[in-house]
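Listed below, chain by chain, are the residues.
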Amino acid sequence: MLAVLGVAIAAAMLLDMVMLATGMRESFRELLVSRGYDIRLAPKGTLPFDTDATIPGVSAIIATLRSNPDVREISPVLGGSIHISARDRDVSASIIGINPTVQGDYELLSGRDVVSSDAIGANDYLLAKLGARLGDTLAVATGYDPQTRTYSGQRRLVLAGRVKFLYGAAEQAGAVVKRETLEAMNPDRTDRASLFMVRVRKGANPDSVRSWIETRIPNVTAISIATAIAEVDFRLSYFRQLAFILGAVSLFVGFLLVTTLVTVSVNERAGEIAVMRAIGVSRAHVVQQVVLEGVAISLAGAILGLGLGLVTARYLNAILSAFPGLPMAIDFFLFQAKAAWAAMGLLIAAGIGAGIYPAWRAASLPIAESLRREAIA
Amino acid sequence: MLLALLPVALLLQASAPLQIQPRTIAVDEAFASKAHLHVGDRVTISSRAGAAADSAETAIVGAIVRRGADPSEVARGDFVARMHLDQIQRLSGYGDRVDRFAIGTRSATDIDSTLARLNHVAFGFRAYRSRDIAVETSRTFQVVSRFHRAIGVITIVASSVFLLCIMVLKVDERRRDIAALRLMGISRSSVVQSIVIEAALVAVLGSLLGVVIAWAASLFINWHYQALYRTPLHFSVITPPIVALAVGLSLVLGVGAGLLASLRLVRTAPLALFGR
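So the protein lines, in turn, are chains A and B. Residue numbering for the first sequence follows my numbering, starting at 23 and increasing by one per position. Residue numbering for the second sequence follows my numbering, starting at 49 and increasing by one per position.
Treat the hints with care, as some may be off.
[Stated by the list, open to error] Distance windows between CB atoms, simulated:
#1 A:V180 to B:N167: 34 to 42 Å
#2 B:F149 to A:L131: 42 to 50 Å
#3 B:H84 to A:G375: 43 to 51 Å
#4 B:H84 to A:D146: 46 to 54 Å
[Stated by the list, open to error] Under the rule of at most 16 Å between Cα atoms (straight-line distance), these lysine to aspartate or glutamate pairs were calculated in the EDC-like manner:
#5 A:K186 to A:D127
#6 A:K224 to A:E95
#7 A:K66 to B:D126
#8 A:K224 to A:D92
#9 B:K218 to A:E290
No lab work stands behind these hints: they were computed from the structure. Keep in mind the model is a prediction, meaning the values are calculated, not measured. Where is the CB? At the ideal position from N, CA and C, for every residue including glycine.
The following block holds chain A by itself, in its conformation from the complex (with noise of 0.2 Å):
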């Protein structure tokens, strides 16, 4: 029982690295396409809402990006922060300004869109900080100057919805109003734009689109979405590093103790299995015997340690999620059947490579010389 426990914490590990190792870059993929964008323009030498640098001229980059046939849709999308004077106190947020006919960065949860220039949509973290509910009317104010506690923009704004942002980290307080509203806050951000989101006709190859942009507009970086997930891969190249390290190790683990447990079965069973082989029993069934014993253990371990798995993944994506900025669509942890398939797999292998060494001294014994140890024994 110890044993098969043993055997089952290295499967609950291998699960959990097997998943570590896949599970972030599919989750951000899966995020990545959720609103079937291809392409993503942020200032040049940065990533999307890295820094608070913009991208002038708004209209020009669309009649440039028009200009290509294999554009179907473009999101400008311009990012601020906000200070909402609510009750007694000051509430910060992050806000960004959007077209809501062409959107890719929220989910409306209740309510109405942000489609006039007097509506705000908030969501619950803001909400909860502020306190308001659908249809109040919040004092937004942008542009605060700590010096001399003054605001460059200000106004009344309805809450009109209730949103879910995509790309927003759990405790970040975060609004949206339609970019011209938010350009009329900030003038000194007037036709500027921290993001562009494009989306490819179908068919077409958004690495030719992207490279096409990159010619015609010098001062953005395009990103599609392979080269997103390479950098991804890169910044958090560390978690996958180590789940593959673990993964080797708890493998490795699980066909150690497999194999010694079966050596410790073949060696007090070598009367029995010299009895077997003195009766006629091949050396092919031994070895399939021999074998099955490390595969059956393996497998008793792996589905024991499938659970185990699942329930330590969600504890380490847990801690995992309180990465400062980490949008919460996020899973380090990702489950997924090919996954668990691959864990069980590659356990049920090492079982069969486990079992191989016992399996050749069970076959190669010598009958006679073992059945006169067992008898004098």
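Position chain B relative to chain A; hints supplied.
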């Protein structure tokens, strides 16, 4: 933030000689390596990518510096250029403004009172202890630390079960020797004692070997990740308390496993151990 605002487009300059001696800047090693910059090179600096020449200025690379260890920047891969304050204020259009002041006090005991005095008279700013800011910017590493601790606990549980299994099996494999010893008149306590001592010895030797392997792995991990993320940060550190914990835990588990297995065997009749 000021530096982050400046996605400094440094372009090797091939323009006409300037009337005024250009100012110097310092760039970090990674930046110098990527842009093939050397001390003495002339560069054109702008706060905007692809900006026209009239909004850019020329500078000379005066130094190539190694960046300090900063956990908050570890995986970002940003490049850093350091400039004179007035130079960056002019270039970014920031005017006579700064993002922060760093203040040194005469003695450590002055910090609290200085902080209180500054915040009392503050207008448009707030003073913090450097330590508090460091804690805030280390949140990424705090999460990683918590993750490592959790993985460590799982690994310890897995190793413990593994060690217990191996010890129990190892002792069980010798049941005939033990039966022979018992039949020869060796007392139960002597048998238990000898097995426990052997188990403790194996556990200590195994854990010492583990420490050596861990030390080699730690060297490799630091070498690899320092090169990958271009940082002097240490990713793996083996401290005496960690070694003591590993050896101590291994010893406890070894002794426990030896005791468990030997007690089970000495309580069984010697002939039964022989299979009779």
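Hint by hint, which ones does this structure get wrong, listed from lowest number up?
-> Structure breaks no hint.
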